[in-house]
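Engineer: So the chains spell out like this:
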Amino acid sequence: MSDTLNKMLGGRQGAIGLAILAVFIMIVLPLGLDPFRIGLIGKYLTYAFVAVSLVLLWGNGGILSLGQGIFFGLGGYGMAMFLKLEASDPVSTAIQSTPGIPDFMDWNQLTSLPWFWEPFKSLPLTILAILVIPAFFAYLIGFAMFKRRVGGVYFAIITQAIALILSILIVGQQGYTGGVNGITDLKTMLGWDIRTDSAKYVLYYVNAGLLIACILLSRYVLSSKFGMLLLAMRDKEERVRFSGYDVSNFKIFIFCLAAMISAIGGAMFTLQVGFMSPTFIGIVPSIEMVIFAAVGGRMSLIGAVYGTLLVNFGKTMFSETYPELWLFLMGGLFIAVVMFFPNGIAGVYEKYAKKVPFLRKLSEESPTPKTAQVAAVTAVEIKEAGVKA
Amino acid sequence: MSNTDFVLAVEDLTVSFDGFKAVDKLNMYIDKNELRVVIGPNGAGKTTVLDLICGKTKSSSGSIKFKNRELTKLSEHEIVRAGVGRKFQTPSIYENLSVYQNLEVSYPKGRGVFGSLFFKRNEAVVAQVHKIAREIMMEDILNTEAALLSHGQKQWLEIGMLLMQEPELLMLDEPVAGMSAKERDQTAELLNRICQNRSVIVIEHDMEFVKKIAHKVTVLHQGKILAEGAMDKVQANEKVIEVYLGH
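Protein sequences appear in the order of chains A and B. Taking this note's numbering, the leading residue of the first sequence gets 464, the next gets one more, and so forth. Taking this note's numbering, the leading residue of the second sequence gets 8, the next gets one more, and so forth.
Keep in mind that the hints were calculated from the coordinates and are not lab data. Any given hint might turn out to be false.
In silico DSS-like cross-links for lysine-lysine, where the CA-CA straight-line distance does not exceed 30 angstroms [claimed, not checked]:
no., chain 1, residue 1, chain 2, residue 2
1, B, Lys138, B, Lys189
2, B, Lys127, B, Lys240
3, B, Lys65, A, Lys699
4, A, Lys470, B, Lys116
5, A, Lys699, B, Lys161
6, A, Lys650, A, Lys663
7, B, Lys74, A, Lys610
To give an idea of the interface, some chain A residues facing chain B are shown, with a C-beta separation under 10 angstroms as derived from the structure [unchecked claim]:
no., residue
8, Pro493
9, Asp497
10, Phe499
11, Arg697
12, Phe705
13, Ser706
14, Val710
Values in this document were obtained by computation on a predicted structure and should not be read as measured data. Just so you know, even glycine gets a beta-carbon here, dropped at the ideal spot from N, CA and C.
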C-alpha cells in the first residue's frame with residue numbers, strides 16, 4: 464500500500480472504521496428509511512462536515528472555534544445565491560417591477576443585481592467561491608488572531624462574536640441577502656430539479672461521498688507531521704515555537720482547512736434542504752456543532768459523524784414531543800459528555816470494544832488505535848533501517 | 008559593534024520591566040565548544056538572560072550576536088533556525104506523543120506548513136532519531152508515551168529534542184533539578200559528551216554538578232556579572248561567597 468493511501472486510511476483499523484461508516488450511511492440507512500427520513504439524514508450529514516472540521520481544529524489543534532457556523536453559512540449562501548439566480552430568470556419573474564433579479568431584491572426596491580451577486584451566475588465560479596471565500600475569511604480572522612497570539616477562550620469568544628455579527632449583518636441587509644427569511648424557493652441546478660425524490664437520493668450520495676472524501680483528507684493531514692505538530696502545539700505551544708516552527712502559520716492553515724470543510728457542508732445543506740437562512744450562522748448553531756463533535760468524540764473523525772447523527776436524531780425525536788425541554792437536555796448532554804466521557808462515543812467504544820469478542824478480533828492487531836499504530840509503523844521502519852544499515 | 012570569533016557575544020544587554028532592570032548592561036562572550044555555567048542567587052536574572060538570547064523576551068537595549076548575526080531583531084523560530092536551542096526549566100515535552108514522535112517532531116526538516124504536510128520519514132530521519140535516542144539513553148523505550156516517563160527521563164528527552172536540531176549553541180535551564188544522584192552523574196556525562204562540537208550554556212544551582220561540567224563559570228547578581236572565570240577561582244571570590252555561596 465502506498466504511503467499516501469495508508470495515511471489516508473489510517474492503517475487497518477482506520478480502514479475498517481471508515482468502511483463500516485461508509486456501509487452504514489450509504490447502504491444501511493438508504494435501504495431502511497423512506498425518502499423523507501433520508502432527506503433528514505442528508506441534512507444531518509451536512510452538519511457532520513462541521514463536526515469533522517472541529518475534530519481537526521479543536522480536538523487535535525486545541526483551537527476551539529465557536530463560530531464554525533460562519534463558514535457553514537458562507538458555503539450555504541454561496542450555493543443558494545447560484546440557485547436563486549437560476550430560479551429568477553426573466554420569464555418566471557415577469558410579474559416583478561424588475562424582472563430577472565431575485566424576488567426579495569424586487570420587494571426591497573432594488574432595480575439591478577448587486578455586483579457581488581454577478582459571479583454566482585456561473586456554477587464553476589460558485590463552486591470556487593464556496594471553497595475559497597470561507598477559507599479566505601478564515602485566513603483573515605486567523606491572521607489577525609494567531610499572529611498576535613490570541614488563543615483559548617479569547618479566540619472562542621471572538622469567533623462567536625463574528626458569527627453573531629455576520630448573522631445580524633445578513634438579517635439587516637435584506638435587499639442584498641434575503642434578510643431573516645434567507646434565500647428560499649430554490650428549484651433547479653443547471654436545469655436539474657433538486658426537489659424530486661430521485662434528486663434527493665442523488666444529492667444524498669454526493670453528500671455522503673464528499674463527507675468520506677473530507678474524512679480521508681483530514682486523516683491524511685492528521686497522520687502527517689503536520690498532525691503530530693498540531694498535537695504538540697495543543698500540548699506545549701512554546702516548545703514547538705522554540706523548536707523552530709512558526710506556530711501561527713500552522714494554526715492559520717488548520718483554521719482555513721476547517722472553514723473549507725464546513726463550507727462544503729453548508730453548500731450541500733442548501734442543495735438538499737432547498738433554502739439557506741441566517742439561523743444556520745449565528746451562535747446557537749455554531750455551539751450545537753461543537754456539541755456534535757464533543758458527543759462523537761473530539762479526537763475521532765468518524766466518531767464526529769456518529770455524534771452528529773445521534774444528537775440530531777435525539778433532537779428530532781424530543782423536539783417533536785417536548786420542544787421546550789430540548790435546549791436544556793442538549794446543555795445537560797454537553798456537560799455530561801465533558802465531565803464523564805471526555806472522548807465521547809469514540810472514547811466509550813475504544814474502552815469497551817475489547818470486551819466484545821467480534822470487535823476485539825477486528826482490532827486485535829492494534830489494540831489502542833492511534834498510538835499503537837504509529838508505534839507499529841515505527842517499529843517496522845526501524846527494523847528496515849537496521850537491516851539496511 | 009565589531010565582529011568577533013565568539014559563538015555568542017552579548018554586549019551591554021539591558022532589559023527593564025517597569026523600571027526594574029532584570030538584566031543590566033550585561034557583557035558575556037561564549038567560545039566555540041565551551042560549556043559555560045551561569046550561577047547566582049534567585050532573581051539574579053539568569054533565566055531572563057536565556058529568555059533574551061532565545062527571543063522569548065525582547066531586550067530594551069544592547070546587542071546579542073550569534074556567529075556575528077544580530078539576534079535581537081529576529082523572531083523566536085528564526086533564532087532557533089539560526090542554530091540556538093533552548094531547554095526550559097520544567098521539562099517541556101509533548102506528553103501525548105511517544106518518545107520517538109517527540110524526537111521526530113523536532114527534526115529540522117518540514118518546518119513550514121506544506122513541508123510538514125508532505126514530510127516523509129526517510130532513513131536519515133530514523134537514523135537521526137536512533138542516534139539521539141542512544142545519546143540520551145532512551146533507545147529501548149522509543150515507543151513509550153512521553154507522559155509515562157520519569158522526571159529525569161523527561162529532562163533528557165527535552166535535551167534530545169534539542170540535539171535533533173544539531174544546534175551550535177545549546178542553553179539549558181536547570182537540567183538536573185529534581186534528579187536523583189545517579190541521574191545527575193549521567194546527565195553530567197551527557198553534557199560533557201554533547202559539548203564536544205557545540206557551545207553550551209547551563210544554568211544550575213547544584214555546585215557539585217557545576218564542578219563536574221563547567222569550563223568557566225559566570226556569577227550573576229542583580230542583573231550584573233559579579234565574577235567570571237574558572238570554578239575554583241570563582242568559589243574563592245569573596246564577593247561571590249558573600250552573596251551566593253556563603254550560606
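Engineer: Each of the hints needs a verdict: does it hold here or not?
Structural biologist: Structure-based check of each hint:
no., hint, in the structure
1, Lys138(B) <-> Lys189(B), "holds, 23 angstroms"
2, Lys127(B) <-> Lys240(B), "violated, 51 angstroms"
3, Lys65(B) <-> Lys699(A), "holds, 21 angstroms"
4, Lys470(A) <-> Lys116(B), "holds, 19 angstroms"
5, Lys699(A) <-> Lys161(B), "holds, 14 angstroms"
6, Lys650(A) <-> Lys663(A), "holds, 12 angstroms"
7, Lys74(B) <-> Lys610(A), "holds, 28 angstroms"
8, Pro493, "violated, 35 angstroms"
9, Asp497, "violated, 43 angstroms"
10, Phe499, "violated, 42 angstroms"
11, Arg697, "holds, 8 angstroms"
12, Phe705, "holds, 5 angstroms"
13, Ser706, "holds, 5 angstroms"
14, Val710, "holds, 8 angstroms"
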